[in-house]
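Visitor: Sequence:
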Amino acid sequence: MARFTLPRDIYYGPGSLETLKTLKGKKAIIVVGGGSMKKFGFLDQAVAYLSEAGIEVQLFENVEPDPSVETVMKGAEAMRKFQPDWIISMGGGSPIDAAKAMWAFYEYPETTFEDLIVPFNFPELRTKARFLAIPSTSGTATEVTAFSVITDYAKGIKYPLADFNITPDIAIVDPALAETMPAKLTAHTGMDALTHAIEAYVSTLHSPFTDPLAIKAIQMVIDYLPASYQGDMAAREQMHYGQCLAGMAFSNALLGIVHSMAHKTGAAFSTGHIPHGCANAIYLPYVIHFNAKMAEARYADIARSIGLQGTTDADLVNALCKKIEAYNEKLSIPKTLKEFGIDETEFKQKIIKISELAVGDACTGSNPRPITAAEMEKLFTCIYYGIDVNF
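Each residue of the sequence shown is one higher than the last, beginning at 771 in our numbering.
Among the clues, some could well be false.
Unchecked claim - Between beta-carbon pairs, the in silico distance windows are:
(1) Glu1145 / Lys796: 51 to 61 Å
(2) Tyr782 / Glu831: 19 to 29 Å
(3) Asp855 / Pro952: 30 to 40 Å
No lab work stands behind these hints, which were simulated from the structure alone.
In this text, a Cβ means the ideal position worked out from N, Cα and C, and glycines have one as well.
Required output: the full structure, derived from the provided sequences and hints.
Guide: Have a look at this one:
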């Protein structure tokens, strides 16, 4: 038996933030990041709409990029004191991911982080509150997914949390919030969305329910990301919807080793934090070449769906990788980890352990081709130096 789970309601389009006026409840805590939602007036709008609905509001602000275990614990404590019946998070993937984890600790103070990092091991939520997510970036799609990524900085590891319990009850996908993204963030989140859709399509858990969402999301990213990066707001609106489709696909089909590798390298090197979407973009063409031994026909389907040409499936896979590499170049994303700036000595010192952790990541199990720690190390080495993947 398989499962397909989405938020109960998705409100989208310009002005959809006004949906907050219609909520029924007594108290809402709004979890936000470093200030962009306040700077551009969206936070004030949200508070005003909730007040109009007769809901008392408290803010939990300054969730950092790549939220930490410590931030999650502080947020859960604030929730236990305030006792909200709505948890609302707005902003990029970080505050929404953090709020999802806070939700679990709010409702179950006795649970531990070690319990939650076991995939699909969350306790039953909604005993105290429901969850509403409002994204301001067009990539993570955490507003419609069963996932959250929390960082343990002491260990230098990102933990992907996975459970259908943390799929939001309501998502508000208002493109006005995405108009505030700077170009680099638009590039990184856009390639994150593309990676989500491609990995969902080739995942071992793909299904007739997820395939159409993944393919449509891929087409939308290919069609709209370059113009969105250049500041075309009509294209940016379509990207905001496309990334949401990708999220619906991968929340149910799961992901693959591009994400396993990104999770374990984002905070691993002292010479430079690798933004999640940027890491995915760098790794994606190399991983496609690795996975093609088991999923060539699926990748060829993707290539055909975006109008690429080739006489064989192998030709189409190569064309797809070249397309992704061309987008990376257009979006000023490096081709290799060395070009990104990761120190070679540190890379060599840490890569064995990083490879072991990546193999053990929750996303590895649904990758179309099994991988050993030794193969993972070899794949990382190809990515560091820009070597063709032919094993």
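Visitor: Of the numbered hints stated earlier in the document, which are not met by this structure?
Guide: none
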